[in-house]
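Peer 1: Residues per chain, in single letters:
2 protein chains.
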Amino acid sequence: MNFSSKLLETAVGEFSKLPGVGQKTALRLVLHLLNQDKDEVEAFSKAISKLRNEIQFCGVCHNISDLTLCEICSAPKRDRSLVCVVEDTRDVMAIENTSQYNGLYHVLGALISPMDGIGPSDLEVDSLVERMRTDEVKEVIFALSATMEGDTTIFYLHKRLKDFNINISTIARGIAFGGELEYVDEITLGRSITTRVPYDGVTAK
Amino acid sequence: MNFSSKLLETAVGEFSKLPGVGQKTALRLVLHLLNQDKDEVEAFSKAISKLRNEIQFCGVCHNISDLTLCEICSAPKRDRSLVCVVEDTRDVMAIENTSQYNGLYHVLGALISPMDGIGPSDLEVDSLVERMRTDEVKEVIFALSATMEGDTTIFYLHKRLKDFNINISTIARGIAFGGELEYVDEITLGRSITTRVPYDGVTAK
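Taken in order, these protein sequences are the chains called A and B. First residue of the first sequence: 1, per the UniProt record's numbering; consecutive thereafter. First residue of the second sequence: 1, per the UniProt record's numbering; consecutive thereafter.
Rather than coming from a laboratory, the hints here were simulated on the basis of the structure. Any given hint might turn out to be false.
[Claimed, not checked] Computed cross-link-like contacts, DSS-like style, restricted to lysine-lysine with a CA-CA straight-line distance of at most 30 Å:
no. : chain 1 : residue 1 : chain 2 : residue 2
1   : A       : 50        : B       : 138
2   : B       : 77        : A       : 24
3   : B       : 77        : B       : 24
4   : B       : 162       : B       : 138
5   : B       : 77        : A       : 38
6   : A       : 50        : B       : 6
7   : A       : 6         : B       : 46
8   : B       : 162       : A       : 24
9   : A       : 24        : B       : 46
10  : B       : 50        : A       : 46
11  : A       : 50        : B       : 17
12  : A       : 38        : B       : 138
13  : B       : 46        : A       : 17
14  : B       : 17        : A       : 17
15  : A       : 46        : B       : 77
16  : B       : 77        : A       : 6
17  : A       : 50        : B       : 46
18  : B       : 38        : B       : 24
19  : B       : 17        : A       : 46
[Unchecked claim] Facing chain B, from chain A, some residues (calculated, C-beta under 7 Å):
no. : residue
20  : 18
21  : 47
22  : 64
Just so you know, these numbers come straight off a predicted model, no measurement behind them. Idealized CB from N, CA, C, for every residue including glycine.
Produce the entire structure from the sequences given, and follow the hints as far as they go.
Peer 2: And the structure:
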């Protein structure tokens with residue numbers, strides 16, 4: 001692109017580093033910001049800078065938090081014997097939205113991905129193992145993406161955790177509710193047949 | 001969404017004000033920035049703030065520029081008798097990319113849109129009329145979107161410019177190169193028949 005201004009080019013360049021944002025989209029976003037009040041753009045710029053410089057993580061579960069112990073870890077009513085292992089804070093939010101889970105979390109921060117150079121040491125694994133030693137944990141639930149990286153991570157974590165006296169489980173995989181059979185991929189459909197569950201005449205579990 | 005951190009919520013809120021960015025995308029972008037080096041995020045934040053505070057516009061054509069007279073307006077080799085009227089800097093970039101135009105530009109900054117409360121006074125119209133008086137302009141080309149707003153703006157500008165001794169034209173409309181007839185809308189197809197052009201046996205013009 002031929003930019004008429006260096007300032008414009010720099011801003012577009014920074015925006016187009018974001019995932020899924022190409023040069024055209026970046027230009028559209030930058031021109032949008034140019035049309036906003038100076039105060040609003042300053043607020044936008046400050047929010048990003050402040051977030052990166054002042055962000056904190058919970059000392060126990062490593063979820064993003066403004067406190068050294070996050071609201072979930074410090075809540076007295078939550079079941080401290082359950083730990084759900086997730087990749088990042090988005091997964092915590094997604095599970096919290098279901099209102100079906102009342103235990104604690106452990107945020108790994110990433111999944112093992114040799115292709116991207118991410119090994120076990122880049123994940124919050126040691127602190128998870130430590131929690132098994134010190135906490136009153138009875139069950140660890142792996143809620144990781146059903147991808148190669150997720151499966152690799154589960155495999156590795158299982159090896160690290162299997163000697164502790166705890167139950168280890170993963171979230172159920174199968175046909176999504178509302179999903180039509182003809183559009184489901186072969187692997188999911190095949191697995192959902194081999195891992196079929198008893199039907200009690202009332203609801204599909 | 002249930003955010004575990006106020007800082008995170010603020011940053012996501014700011015991002016989701018951008019056009020076409022919903023809360024989920026905003027969260028993805030913010031988490032991406034959180035994974036970057038502090039310096040890089042600071043550069044991102046600064047580029048936006050600096051752009052908004054220091055941006056300048058060419059005093060003649062109103063295109064975004066770091067100089068008081070933009071590179072196009074000050075280029076000695078460009079045809080000063082041609083002025084192409086466009087909506088914003090993206091259109092200037094698009095036309096420059098074609099390498100088919102060697103005249104000057106006039107950036108209106110917006111199109112007349114009563115629905116959005118944008119009237120003629122919000123556009124750089126007076127300075128365009130002024131250029132007709134003082135400059136050596138022989139032809140004005142309207143290169144505006146083929147929308148209701150574009151047509152309204154052309155209609156209004158034509159009324160303001162018609163008493164000057166200049167040619168007024170609009171860019172050609174019709175079937176796009178590579179376009180298949182069956183997918184073209186009726187209005188474009190109908191108009192392209194009524195405004196058909198002679199064929200000289202060599203190339204479609």
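Peer 1: All hints are to be evaluated individually against the structure, with a verdict given for each.
Peer 2: Do the hints match the structure? See the list:
no. : hint            : in the structure
1   : A:50 <-> B:138  : 53 Å, violated
2   : B:77 <-> A:24   : 29 Å, holds
3   : B:77 <-> B:24   : 49 Å, violated
4   : B:162 <-> B:138 : 12 Å, holds
5   : B:77 <-> A:38   : 37 Å, violated
6   : A:50 <-> B:6    : 11 Å, holds
7   : A:6 <-> B:46    : 14 Å, holds
8   : B:162 <-> A:24  : 35 Å, violated
9   : A:24 <-> B:46   : 21 Å, holds
10  : B:50 <-> A:46   : 12 Å, holds
11  : A:50 <-> B:17   : 18 Å, holds
12  : A:38 <-> B:138  : 38 Å, violated
13  : B:46 <-> A:17   : 15 Å, holds
14  : B:17 <-> A:17   : 19 Å, holds
15  : A:46 <-> B:77   : 43 Å, violated
16  : B:77 <-> A:6    : 22 Å, holds
17  : A:50 <-> B:46   : 12 Å, holds
18  : B:38 <-> B:24   : 23 Å, holds
19  : B:17 <-> A:46   : 15 Å, holds
20  : 18              : 5 Å, holds
21  : 47              : 4 Å, holds
22  : 64              : 5 Å, holds
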